[in-house]
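Engineer: So you can see what is in the structure, the chains are spelled out below.
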Amino acid sequence: MPHLTRNAHVHLTRLRGEAVAFDAARRELFILSDDAADLWERLDSQTEDVGHLSQPEVWTHERDAGDGDPSTRVLAELLDAGLAINWRDQDRQT
Amino acid sequence: MTTYAALDHGFTIDCDHDVLAEWLQLLLRPLQAGTEAKAVQHYALITQVGTMPTVCQLRIDGETAWQGSDPGQLVTRLVGDINRRAAERTIHHPVLHAAACSSSAGTLVLPGPKNAGKSTLVLGLALHGFEYLTDELVAIDGQRVRPYPRCVSLDPGSWPLFDGWLLPTPTSVAAFVTDLRFVDAAQTAPITLPPREVAAIVCPRYQPGACTELHAVDPVDGLAALLGSSFTLDRNPQRDLDQLAGLLEYAESFELIVGNLDEACAVMRQHFGDHQPPSSR
Chain H
6 MPHLTRNAHV HLTRLRGEAV AFDAARRELF ILSDDAADLW ERLDSQTEDV GHLSQPEVWT
66 HERDAGDGDP STRVLAELLD AGLAINWRDQ DRQT
Chain Z
27 MTTYAALDHG FTIDCDHDVL AEWLQLLLRP LQAGTEAKAV QHYALITQVG TMPTVCQLRI
87 DGETAWQGSD PGQLVTRLVG DINRRAAERT IHHPVLHAAA CSSSAGTLVL PGPKNAGKST
147 LVLGLALHGF EYLTDELVAI DGQRVRPYPR CVSLDPGSWP LFDGWLLPTP TSVAAFVTDL
207 RFVDAAQTAP ITLPPREVAA IVCPRYQPGA CTELHAVDPV DGLAALLGSS FTLDRNPQRD
267 LDQLAGLLEY AESFELIVGN LDEACAVMRQ HFGDHQPPSS R
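Here the protein sequences line up with chains H and Z, keeping their order.
Residue 6 is where the first sequence starts when you use the numbering used here, and the numbers rise one by one after that.
Residue 27 is where the second sequence starts when you use the numbering used here, and the numbers rise one by one after that.
One chain only, chain H, in its complex shape (with noise of 0.2 Å):
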């Protein structure tokens, strides 16, 4: 089952405990919501399958080909479901 990591061009990893991922690709910054974060990285570290999205508790990866860039997919469907933000677009104060 191929995980996030393969062929990625989307990275994660935690600014002060907020989730961010990274589009090496574009040079794009998004700030992902806690549960999109963890379902990112239960999704990057499983051995079956989770889901869809849009049913969280259930996750496939139907639309992955094999070759090609789950990570992108994913962070596309995450900003589809409003739960990834560009960071050009946050509300901050600070």
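Since the hints were derived computationally from the structure, they do not count as laboratory data.
Keep in mind that this is a model prediction, so the values were computed, not measured.
Don't take each hint at face value.
[To be verified] Cβ-Cβ distance ranges computed for the label pairs, FRET-style:
#1 H:Asp49 with Z:Thr80: 53 to 63 Å
#2 H:Asp49 with Z:Asp181: 37 to 47 Å
#3 Z:Ala131 with H:Glu23: 45 to 55 Å
#4 Z:Glu223 with H:Gly22: 14 to 24 Å
#5 Z:Pro186 with H:Glu23: 41 to 51 Å
[Stated by the list, open to error] Now the stretches of chain Z that chain H is said to cover, found in silico as 3 or more residues with beta-carbon under 8 Å:
#6 128-139
#7 242-253
Backbone N, C-alpha and C define an ideal beta-carbon position, used for all residues, glycine too.
Given the structure of chain H, go ahead and fit chain Z onto it with the hints provided.
Structural biologist: Structure of chain Z alone, referenced to chain H:
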């Protein structure tokens, strides 16, 4: 022959012009390596190719890397190649296009693109009591910065600001370096403190005439600035992302609007430590 080290880029150099060769020793003095250093590259500056007095070359390991009829480009080409290979050969750390200096508060990293004012600002800070680490490449080693204290290179617009500090450039040498002048900031503001952890990321934005101000920004803005300045991101994106985010666990992020250099230095001293500036020459 003297071996020099620009981060992990070791090199030697020779030149067919005696006065230029002597001046290059001054220019490269801060990069002199210890006896254990291993030179990988050999640069040769040829100021006269055959019978063509105005054709000069930069050769690297015997191969012609550049040849031109404008001798004023010769030193610029050399300095550019040293920087480029320093970034390429330093493979064990994230390398940023940034300046850096140290104060009692810790190390300050100043990332920014070309013409952001990094060199001018870090030199101004060095002359206001901060210790000089680099004006060009920051190699992140955990929570610290590896020094790369090359002579600060200045564009013509900045020369009047540092008139008393510029490396003397004899007339015969000026012909080979028409668009840059240099300051040996490592001699003026040497590193005397033990290596300090990175305390702040400060992104300079030079806006002539603007009100000079320093304001805090979100850590994610700091991370975006560091990622945007990375030379090594394509080689090792996960490593760079992890290490730069790790840096920001403790370092705060700022933007510095620089309307005036003296004001910017005063603001930085107020915020990050107060030192006695070195006496002028």
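Engineer: Is the gap between the beta carbons of aspartate 49 (chain H) and aspartate 181 (chain Z) within 37 to 47 Å?
Structural biologist: Given range 37 to 47 Å: holds, Cβ gap about 46 Å.
Engineer: If you look at each residue in the region 242-253 of chain Z, do at least three have a Cβ nearer than 8 Å to any Cβ of chain H?
Structural biologist: holds (count 9)
Engineer: So the hint says 14 to 24 Å: do the beta-carbon atoms of glutamate 223 (chain Z) and glycine 22 (chain H) match that?
Structural biologist: For glutamate 223 (chain Z) and glycine 22 (chain H) the Cβ distance comes to about 20 Å; the hint holds.
Engineer: Does the beta carbon distance between aspartate 49 (chain H) and threonine 80 (chain Z) stay inside 53 to 63 Å, or does it fall outside?
Structural biologist: holds (60 Å)
Engineer: Taking the CB of alanine 131 (chain Z) and the CB of glutamate 23 (chain H), does the distance hold inside 45 to 55 Å?
Structural biologist: Hint violated: Cβ distance 25 Å, outside 45 to 55 Å.
Engineer: At least three residues with a C-beta closer than 8 Å to a C-beta of chain H: is that true for the region 128-139 of chain Z?
Structural biologist: Violated: only 0 residues of the region 128-139 of chain Z have a Cβ under 8 Å from chain H.
Engineer: In this structure, is the beta-carbon distance linking proline 186 (chain Z) and glutamate 23 (chain H) contained in 41 to 51 Å?
Structural biologist: Check passed, 45 Å falls within 41 to 51 Å.
Going through the hint list in order, the structure does not satisfy hints 3, 6.
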